[in-house]
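A.B. asks: Take these sequences, add in the hints, and give me the full structure.
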Amino acid sequence: MADMTPDNTPAGSPGTTPADTSADRAEAIDTVALDEVVTFTSELIRIDTTNRGDGDCFERPAAEYVAERLAAAGLEPTLLERTPGRTNVVARIPGTDPGADALLVHGHLDVVPAEPADWSVHPFSGEVRDGVVWGRGAVDMKNMDAMILSVVRAWARSGVRPRRDIVLAYTADEEASAIDGSGFLAEHHPELFEGCTEGISESGAFTFHAGPGMALYPVGAGERGTGWLKLTAHGRAGHGSKVNRANAVSRLAAAVARIGQHEWPLRITPTVRAALKEIATLHGIDVDVHDEHFDADALLTKLGPAAALVEATVRNSSNPTVLEAGYKVNVIPGQAVAYVDGRMLPGTEDEFRATLDQLTGPDVDWEFHHREVALQAPVDSPTYAKLRAAVERFDPAGHVVPYCMSGGTDAKQFSRLGITGYGFSPLKLPVGFDYQALFHGVDERVPVDALHFGVRVLDHYLQTA
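Under this note's numbering, read the sequence shown as residues 199 to 663, first letter to last.
Don't read these hints as lab results, they were simulated from the structure.
Computed from a prediction, not measured in an experiment: that's the story for all the values here.
Only true hints are included.
Below, a list of computed lysine-lysine pairs in the DSSO-like style, where the Cα atoms sit at most 30 Å apart:
| id | residue 1 | residue 2 |
| --- | --- | --- |
| 1 | Lys526 | Lys428 |
| 2 | Lys440 | Lys526 |
| 3 | Lys428 | Lys440 |
C.D. replies: Listed below in structure tokens is the structure:
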């Protein structure tokens with residue numbers, strides 16, 4: 199095992215809530231806001247923004263929908279495109295303290311494909327049934343897009359202003375390369391994010407039921423890096439009936455098998471170490487996560503369902519996903535190609551590269567098809583403490599814990615501007631609701647009560663940030 203950077207274990211014991219110094223905070227969330235968050239989630243789902251990759255997406259109708267509602271709240275949204283139809287929206291809410299750092303709040307407008315025949319309801323119906331909003335994007339992440347809209351409009355009605363400037367960004371292309379979305383904004387419009395030092399977005403502060411009476415709220419404080427790989431094997435083309443010891447398909451298949459079967463070693467980062475310590479303590483397990491002989495795999499076997507929050511982020515990974523070779527059964531092709539979804543923990547890219555060199559061998563070349571950095575955010579910071587306090591204010595029985603995301607978000611691109619990102623899109627979910635399985639899954643949906651909880655928590659946090 200190896201530490202990647204110095205420890206950043208959060209101060210205080212798990213479940214403690216910092217003192218709330220916001221007694222004079224205005225309660226901005228009214229019945230209109232609660233109704234609007236449901237309506238906005240449903241209506242955004244009905245706008246089909248399927249991102250099929252390779253530029254096949256059209257976010258503009260959703261961007262215009264968002265911009266119209268921001269403008270009605272007195273803001274001045276800017277629509278920006280790198281490619282026609284791939285539209286981003288950015289707006290700034292002035293804070294009361296001109297000397298304070300700004301905060302970025304961002305969400306993406308695109309969604310992954312959905313096959314209607316597999317669903318109980320049409321994935322782009324936005325149907326609201328039995329207290330649940332159904333459709334693609336209900337959790338990833340048109341729910342958060344709607345919550346942000348609802349809070350901002352509630353502030354406009356009640357005259358609330360945050361302490362810090364808040365920059366709102368609704369992005370295109372997050373579900374592919376982000377080249378038309380956050381990557382474009384960070385590279386070509388950095389002035390829109392002037393003063394932003396921190397940001398919040400998707401995949402955090404949702405209820406994770408770890409056992410009877412144990413509700414965890416994992417807040418994202420890290421992301422593995424993205425290393426999507428293209429493997430190319432070259433060989434000798436020929437007739438399928440002949441002996442061919444330079445078969446490109448065989449060479450590729452062998453390399454893909456080695457990659458898929460490889461057992462990556464444990465690499466415990468500070469965010470994951472803090473998560474393991476807090477979750478273990480909540481389970482009544484006394485473990486020294488700093489001991490050089492600490493065995494994370496052994497601890498995971500004792501954490502029950504909560505292990506799922508951590509197990510994908512204690513090591514790198516490499517999953518083969520696509521094979522491309524040949525054009526006729528009796529013809530041996532001269533080239534074969536495969537794609538691998540690789541993920542890298544902070545500080546491990548050199549090791550990742552060296553391992554891929556060994557696994558592919560001399561007959562297969564590899565390159566990064568798409569690469570993005572790994573991230574870590576401090577969990578001993580005032581910002582993390584305020585995120586924890588906002589959730590636990592509205593669910594005092596819940597326990598906020600840090601976690602590292604196994605995948606990635608637009609926070610990677612915004613990190614190029616020096617913005618530290620946290621995963622924070624709060625939802626209070628019932629027992630048995632498998633939130634993580636619904637990401638990119640069939641019958642994606644979100645409870646209305648969860649949306650109501652989310653707007654209240656966001657309102658509180660954004661006013662006290």
